[in-house]
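For the protein sequence lines, the chains are A and B, in the order given.
Using our numbering, the letters of the first sequence correspond one by one to residues 41 to 114.
Using our numbering, the letters of the second sequence correspond one by one to residues 130 to 328.
I should point out that these hints are in silico values taken from the structure, not numbers from a laboratory.
There could be a bad hint or two in this list.
To be verified - Example chain A residues on the side facing chain B (calculated, C-beta under 10 Å, incomplete):
hint	residue
1	Leu73
2	Asp79
3	Arg82
To be verified - Far from chain A, by Cβ distances over 12 Å, these chain B residues were calculated:
hint	residue
4	Thr135
5	Arg136
6	Ser179
7	Ala207
8	Gly212
9	Ala221
10	Ala230
11	Ala235
12	Ala253
13	Gly280
14	Gln284
15	Ala304
16	Ser312
Unchecked claim - In silico SDA-like pairs for lysine to any residue, Cα to Cα no more than 25 Å straight-line:
hint	chain 1	residue 1	chain 2	residue 2
17	A	Lys108	A	Leu60
18	A	Lys80	A	Gly59
19	A	Lys108	B	Ala217
20	A	Lys105	B	Gly201
21	A	Lys80	B	Ala217
22	A	Lys80	A	Arg61
It should be emphasised that the depicted structure is a prediction, and the values quoted were computed from it without experimental measurement.
By construction, the Cβ of each residue, glycine as well, lies at the ideal position given by its N, Cα and C atoms.
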Amino acid sequence: MEPARDITEDAASADPDVGLRAVAALRALSERLEILQVDKARELGWSWQQIAARLGVTKQTVHRKHGKRAGRQP
Amino acid sequence: MTEHLTRDAGAISIRAYEHAIRLGHAYLGAEHYLLALAAAGQPAGAVLRSRGVTPERVEAQIVALSGAGLFGDLDRDALTSIGIDVDAVRAATEASFGRAALARTARDVHRGPGRFSPRRRAGATRDGVFLPHGPGTNQALLSARREAAAGHVVQADVEHIARGILAVSEGLVPAILSRLGTSGPALSAAIADRYRPPR
Numbered sequence: 041m042e043p044a045r046d047i048t049e050d051a052a053s054a055d056p057d058v059g060l061r062a063v064a065a066l067r068a069l070s071e072r073l074e075i076l077q078v079d080k081a082r083e084l085g086w087s088w089q090q091i092a093a094r095l096g097v098t099k100q101t102v103h104r105k106h107g108k109r110a111g112r113q114p
Numbered sequence: 130m131t132e133h134l135t136r137d138a139g140a141i142s143i144r145a146y147e148h149a150i151r152l153g154h155a156y157l158g159a160e161h162y163l164l165a166l167a168a169a170g171q172p173a174g175a176v177l178r179s180r181g182v183t184p185e186r187v188e189a190q191i192v193a194l195s196g197a198g199l200f201g202d203l204d205r206d207a208l209t210s211i212g213i214d215v216d217a218v219r220a221a222t223e224a225s226f227g228r229a230a231l232a233r234t235a236r237d238v239h240r241g242p243g244r245f246s247p248r249r250r251a252g253a254t255r256d257g258v259f260l261p262h263g264p265g266t267n268q269a270l271l272s273a274r275r276e277a278a279a280g281h282v283v284q285a286d287v288e289h290i291a292r293g294i295l296a297v298s299e300g301l302v303p304a305i306l307s308r309l310g311t312s313g314p315a316l317s318a319a320i321a322d323r324y325r326p327p328r
């Protein structure tokens, strides 16, 4: 195990290397949470329209992205 | 599969499955068996631990090498720097969705081209969640049964599973052992020695 990093130092350093990696990781994290949430919503019978409204995107966008996976019967 | 295993060996198998689910992996790999064996109360486990193959060290290597799991490959340090604790996110999502859902999503996210051929259907199911065997698992279990047969017993015991896992050439086990400063053959010989009946 690595020793615990000094979090405040990291954040305050404003080093683009750390900052950009954080943005990329955040994007990946958000993608995965979206998959979990969309799959759950579909399981519960939500329509693509209802899901799209919460995500702030169009129905077409969410269906194109998740339709193939979350459309299948579990 | 379990009818080929003694009760103790079956328990190792279940622990291995649980480790795979806990780590968010979408497959049951030889490395998950190694992790279960490293924690085993039987002499095989004691031999592994005495040579530095402890559960903590094996798990750290699995996490470092596999990069799988739903959140396991994310840049933890970078996320920590903006105040996001990946472990907290994992705990919260596990509480809401269950480990099985996380493993299923991990399988969707990490579905690599050709890593697991769809023809390889061997795997394990618990609570309705099927995990296909990962690289090395079939090889290890087959080899465990051969070890058992060579010892003229019908069911593979913990010792045979351990020697099967240590003999594996595919998957993460060889790399994990090498990073822990040891090797499959060395550990396997030590285990065989430990189980050899006194003359």
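How the hints compare with the structure:
1. Of the supplied interface hints, the one on A:Leu73 holds, with its beta-carbon coming within about 7 Å of a beta-carbon of chain B, less than 10 Å.
2. Checking A:Asp79 against chain B: minimum C-beta separation of about 7 Å stays under 10 Å; hint holds.
3. With its C-beta approaching chain B no nearer than about 12 Å, A:Arg82 sits outside the 10 Å limit, and its interface hint is violated.
4. Against the 12 Å criterion, B:Thr135 stays outside the reach of chain A, whose nearest CB is about 34 Å from its own CB.
5. Residue-level check passed: B:Arg136 sits 33 Å from the nearest beta carbon of chain A, beyond 12 Å.
6. Under the 12 Å C-beta cut-off, the non-interface status given to B:Ser179 relative to chain A holds; the minimum distance is some 21 Å.
7. Consistency note on B:Ala207: stated as away from chain A, yet its beta-carbon is not over 12 Å from all of that chain's, at 4 Å minimum.
8. For B:Gly212, the condition that its CB be more than 12 Å from all CB atoms of chain A is violated, with the nearest at approximately 7 Å.
9. Its closest Cβ contact with chain A, about 10 Å, brings B:Ala221 to no more than 12 Å, contrary to its assignment away from the interface.
10. At roughly 6 Å from the closest C-beta of chain A, the C-beta of B:Ala230 falls inside 12 Å, breaking its exclusion from the interface.
11. Distance to chain A contradicts B:Ala235 as a non-interface residue, since its nearest Cβ pair spans about 8 Å, not more than 12 Å.
12. Remark: the non-interface label on B:Ala253 is consistent with the geometry, its nearest Cβ contact in chain A lying 20 Å away (cut-off 12 Å).
13. A cut-off of 12 Å between C-beta atoms confirms that B:Gly280 is not in contact with chain A; the least separation is 38 Å.
14. No beta-carbon of chain A is positioned within 12 Å of the beta-carbon of B:Gln284; the least distance is around 36 Å.
15. Distance check for B:Ala304 against chain A: the nearest CB is about 19 Å away, which clears 12 Å, and the non-interface claim stands.
16. Residue-level check passed: B:Ser312 sits 24 Å from the nearest beta carbon of chain A, beyond 12 Å.
17. Restraint check for A:Lys108 and A:Leu60: the C-alpha separation of about 31 Å exceeds 25 Å, so the hint is violated.
18. With a CA separation close to 31 Å, the supplied pair A:Lys80 and A:Gly59 exceeds the 25 Å bound.
19. Distance hint between A:Lys108 and B:Ala217 is unfulfilled; the C-alpha atoms sit about 30 Å from each other, more than 25 Å.
20. This hinted pair checks out: A:Lys105 and B:Gly201 have alpha carbons roughly 23 Å apart, not beyond 25 Å.
21. Between A:Lys80 and B:Ala217 the alpha-carbon distance is near 20 Å, which keeps this suggested pair within the 25 Å criterion.
22. About 29 Å separates the Cα atoms of A:Lys80 and A:Arg61, which puts this hinted pair outside 25 Å; it is violated.
Against the hints set out earlier in the document, violations occur for numbers 3, 7, 8, 9, 10, 11, 17, 18, 19, 22.
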